[in-house]
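Residue strings, one per chain:
2 protein chains.
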Amino acid sequence: MEQHSAVGKRIPQRDAVDKVKGSAIFTNDIKLKGMLYCKILRSPLPHSRIINIDVSKAEKLIGVKAVLTYKDTPQVKFSISPTWADKLPLESEKARYIGDEIAAVAAVDEDTAQEALDLIQVDFEELPGVYDPVEAMKPGAPVIHDSVENNISKAIHMECGNIEEGFASGDLILEDTFSTQAQSHCSLETHCCVAICEPNDEIKIWVNTQAPHALRQKLSYALNIDASKIHVITPYLGGGFGSKIDLEPAQAICILLSKKSGRPVRISNTRKDQFISTRIRHPTISELKFGVKRDGTIVAKQARVVMDNGAYNSHGPAVLLYNNVMFSSLYRVENIKYEGYLVYTNKNWGGACRGYGDPQATFAQESMMDMIAERLNMDPIDLRLKNANNPNEITANKVRITSCGLRECLTQAKEASNWAEKKETKSKYRGLGIASMIYTGGGSIGSGFNYSGATMQINADGTIHLSVGAVDIGQGSNTILTQMAADVLAVDPEAIRLTTADTDTTLPCMGTFGSRVTFCAGSAVFQATNEVKNMLLEEASEILEANMEDLEMKDKEIFVKGSLGVSVTFSELASRAHYKRKKTLIGHGYYNGPEVSDDFDPTSYVGYPSPAMVFATHIAEVEIDPGTGKVDVINFVAAHDLGRAINPLLVEGQIEGAVAQGIGWALTEDLKFENGKIVNPNFHDYKILTIKDVPKITSILVETIDPNGPFGAKGIGECAMVPTAPAIVNAIYDAIGVRIKDLPATPEKIFDGLKKI
Amino acid sequence: MEQHSAVGKRIPQRDAVDKVKGSAIFTNDIKLKGMLYCKILRSPLPHSRIINIDVSKAEKLIGVKAVLTYKDTPQVKFSISPTWADKLPLESEKARYIGDEIAAVAAVDEDTAQEALDLIQVDFEELPGVYDPVEAMKPGAPVIHDSVENNISKAIHMECGNIEEGFASGDLILEDTFSTQAQSHCSLETHCCVAICEPNDEIKIWVNTQAPHALRQKLSYALNIDASKIHVITPYLGGGFGSKIDLEPAQAICILLSKKSGRPVRISNTRKDQFISTRIRHPTISELKFGVKRDGTIVAKQARVVMDNGAYNSHGPAVLLYNNVMFSSLYRVENIKYEGYLVYTNKNWGGACRGYGDPQATFAQESMMDMIAERLNMDPIDLRLKNANNPNEITANKVRITSCGLRECLTQAKEASNWAEKKETKSKYRGLGIASMIYTGGGSIGSGFNYSGATMQINADGTIHLSVGAVDIGQGSNTILTQMAADVLAVDPEAIRLTTADTDTTLPCMGTFGSRVTFCAGSAVFQATNEVKNMLLEEASEILEANMEDLEMKDKEIFVKGSLGVSVTFSELASRAHYKRKKTLIGHGYYNGPEVSDDFDPTSYVGYPSPAMVFATHIAEVEIDPGTGKVDVINFVAAHDLGRAINPLLVEGQIEGAVAQGIGWALTEDLKFENGKIVNPNFHDYKILTIKDVPKITSILVETIDPNGPFGAKGIGECAMVPTAPAIVNAIYDAIGVRIKDLPATPEKIFDGLKKI
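Top to bottom, those sequences are chains A and B.
Under my numbering, residues 5 to 761 are what the first sequence spells out, in order.
Under my numbering, residues 5 to 761 are what the second sequence spells out, in order.
For the record, the hints were derived by calculation from the structure and aren't laboratory data.
Hints are not guaranteed to be accurate.
No distinction is drawn between identical chains; accordingly, a pair holds when it is met within one copy or between any pair of copies.
[Unchecked claim] Dumping the calculated DSS-like pairs for lysine-lysine here, alpha-carbon to alpha-carbon at most 25 Å:
#: 1; residue 1: 23; residue 2: 264
#: 2; residue 1: 25; residue 2: 264
#: 3; residue 1: 586; residue 2: 537
#: 4; residue 1: 75; residue 2: 586
#: 5; residue 1: 35; residue 2: 25
#: 6; residue 1: 23; residue 2: 35
Taking the hints into account, I'd like the entire structure generated from these sequences.
Here it is, written out as structure tokens:
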């Protein structure tokens, strides 16, 4: 058994004291001299043509320093990539949803800025809107983006094996339709930025982004300013869940207002702003068809998915791609067909949201699996074991699986939930439900889009500096990454100073999303630290006149094994390097991969170059109140194959938080629209779980030791919310025989369902 | 002639717009949430025993969050080095000057903190004080530091050649005594810091220091906290002139107050605080004896120097060392004797101040040279040419001179000042005076104490990042260093992003002092950038299938010479490195030297391991108002051997500023004491030059192209104030025959002198 000094330890987050004390500096805490406050005028109509914008009265208001419309912007459309660009910082011709950015004001305080918004006169020509993606696809529907036929932003057609033959070979064919609702990320910290743009376009922006380096690229593109001019700094960040990956119109607006006013400009979303102007989880409608043999073998599966994009793309095209990949890769199925449509509607735009298309796919597929098990009279766990993925297999849709602990997740979750006994002794209105999932455990899209750098430096004063581009968005990557480095150097993680998330002082990192930081940034840290470790050992070997393999490290010292007292300190080694060799003890690590292999065919949507896949099984136990239809989740088991738990305490934190978010999506969280307008943009009407709503969650960490992950680790961030909703819905069915096919499973739906039985 | 794209260009400071607009963030602009304000209780007596400190009333004042006395401190004495440690952040037993730190308060605002100071009751036992270093050396004088005999903190005895034989071989022996006064640095930005100290001793301090990395070491030592816990950040800095090198008691106090209160704590000096509590230029008394042959050859020289240390050491011992080295190295003299005493008095403590002991030495020596020239009836320039240092010589006191342009300085200054003609046609009350000097052009003390690191990084997005530990203290090093890097890469200096002066994100740098940044940090930048340049050329050579020597760089592209259109961009090369090779285009540079050679004998004070020496000649033209004794400097020529001018505009800025400061020291600046108390701690009574007092200054840049300097450059920061005062005093003598031997040359002294003629 390998010995680890720091990896695998339950170390509290290194930022915990700072955050608990309130001394941690978040973007909202940045106050600059002469700073102005920005407010944005948003479209009150879901779909309209902008005829005229008159800002003259607003400009005259005392305290207003700059008013911005599209005329002041480069009018370059942006999105996650230029291919999908469809959004302007301030719209020029049309407003496409209620909340679309029309104009903005920078003033000496927020009240003045708000007052100025009321003085801006916009003449709109109202256009018919469309809010249902199925309606939007029909010929004759209102056209939201001029060049986009049938409002279909992206369509995916994927087929592998022979779907017809597959279905023909099955003993049972099941078809059904499942739909999911919009969810808001609800990070506790709202979006905020403070920007300075000098007359020479030199930009400095403090911003709570999940991806500072990527944001720099996007700002460079959208503002047509050389990236060399842009400095992105991310202070402590209070949760993202995918909502803080994009270039936000507000960020570009602040920069342009700063340029126009010559002053720093800040914007900070209110909670309402957050609900009505940031991305949401894409609602989907998934029509599934499964073919199964009597023994449970799935011989064919097919999905037709309509994904509601809202008014703009953001991550939509990639989310649809993930929906396909995750649907198609879970379980060993030879014949698969996937048809997906990403459809514009006049509503708030979808974006990256924890799980990235997978929760929608998994809700549908795992509901279907339960329905199949029932029809075959099989235990749902046995059905899943029958079809479970195995390590070192390539799926029919060409996804390479290395480590895989799905079977262990299924069996250990079964054990921990007391599944067999509880199924036997089931009381009325109580039920157990299970769901599994597959997800990326280290980002994806492959080389060129999955990079993370790290620098490790040891100074002559014995200080150890780690620098990474990755942002800790609250999940604890600062702690995890320093643990890995500490483990390599056999030092206390507290002894490592850490710099993160600053485009000037860290190596580029794609960002914190895609459950990629532990895997990708971790790999870079591992590489950089080992480079320095080797330098240390080489120097020490010379000084101590011993072979490198006879040396061991502890507490910033290197000893000759067995020779008590013969040692040299890191500080002495660094001094020697500096003073005698005029070189520095610095190592660099750069993860970037995996290479996109021939398997991957972006036109046929087969293959997916992820460095590692993770698996999980959730088992929910629920109790239903038949009088109200209210669901209580009373027990929850979450078994996760995460390669290795670098810090089990933080892993459990991730799982518990994700399950809570998953329960919210399953039961209470529903961003509701009426004619394109969100009607519940507040925490009173939009219900996220509070601590007292969260059941006991038993986390099971299945350590499969991935061959490519740092210390064998894979990601955990997103996946833990993926199978939660279907596990709950399956448990509800187990309890009362009511099958919920459209989320959330509200008391109303359950009460109605109970009445129909 | 070598071609340079950026080096040698008159580029305005890259921070100029920020500073002129007022958007530059200085330490004083840092405001943190919950921040407290610190005020320090200082000793009202010049010398006393502290009997008791009662803070109970102050602690009870509403708004006071912490009160600190020595009891709350580790009581570790500090100084520039542990050898000379004699100062506590808060004194425990004695107060040794008016201003000594006794207690401190952190409160919600400055007024409350000030009010609390008045509530602290200190019982002092007054002790007899001593204010004159000559008196302080006498037996029976009050003892300031218990263990220090005769109040002599350091004594230097240096002799080379044979001083008695030397004098015996001379035709003329001249002896005289010269004295200089205290000068305040008067940087426009006063000392300020904002410190956070967490319960686990994690420290973050924003501070206007000239040496962040060295400060970290000093804080670590004085507070007994591991350096790994300390993060020093230096924002824009508004002038230092040596006053911001030390660990300030106030910095340690803020940290300890933060620890005690659990809140960030800020201190910002008022101008009065600045005058009464920060270091000053050491007053000296120099008794010189020179032996000269009739032809002007100096055959022997001797100095006995008493330097007034004030109450604590700070840089005193090293300043005395420099006084010796610079006195002894200027001119080719075989037989030298130097005797120096650094003597404690009950006054404000001396410290590093532009020129670091050299202005005092040069004032004495260059006055003496003029007196010798008169006695020999020689032109003062001819006398200096006769004895001038030459390139590639080792002086009698074992200082290695590489490049040396002293002769060029003398002849070109003579030319530019129209010396010959003006001497011929001299009108009454007008005079010309000359003085030369030698100084370090790149720090000193040798390996281990003269280090600077730099990192150069090129990213896949084409951004170029330079990171250096050095601080731009207003002199323009940010501009100079990026010019050097830009020149190596053949890019626009504006294309280079720069990070400086942060212990977490830059390689260690000894600091910005000793005229070392251009030479030392410049060498590191040169090395780091060339490393990356080679990586670029190697990659390009592979891609373009051309030899490296056939490639040329321009605007972030590499071309094959003569093959139009065959090129590859930096961005493509960095991408390729990242994506194909998983490596980063990073280079590191580390200057550290020179090695201390056998020449250097620290016990005999012979030798001095500086990487380069600089030389200069100043010629002042003055006009005296016989009615008032007022001196007008009407013309000024400053010829400087600086190796190479990386940016002539900024070099001229340095020279002009230094000459202004030199004129101030010569004529108006005099920090006056009465019984140990400064009586003119304000800009009304302490007169620095304003822009209208500064004469036309003609700068002559003598480019000797130093063999070791980056692009041949040497330092310019300090030296330009060194020969100013003697040039003026010599000009006064030339004008009216009055020899001023004690600075400053006030109207009173001149008026009195005129009356005696």
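Q: Of all the hints given earlier, name the ones this structure violates by number, lowest first.
A: Violated hint: only 4; rest satisfied.
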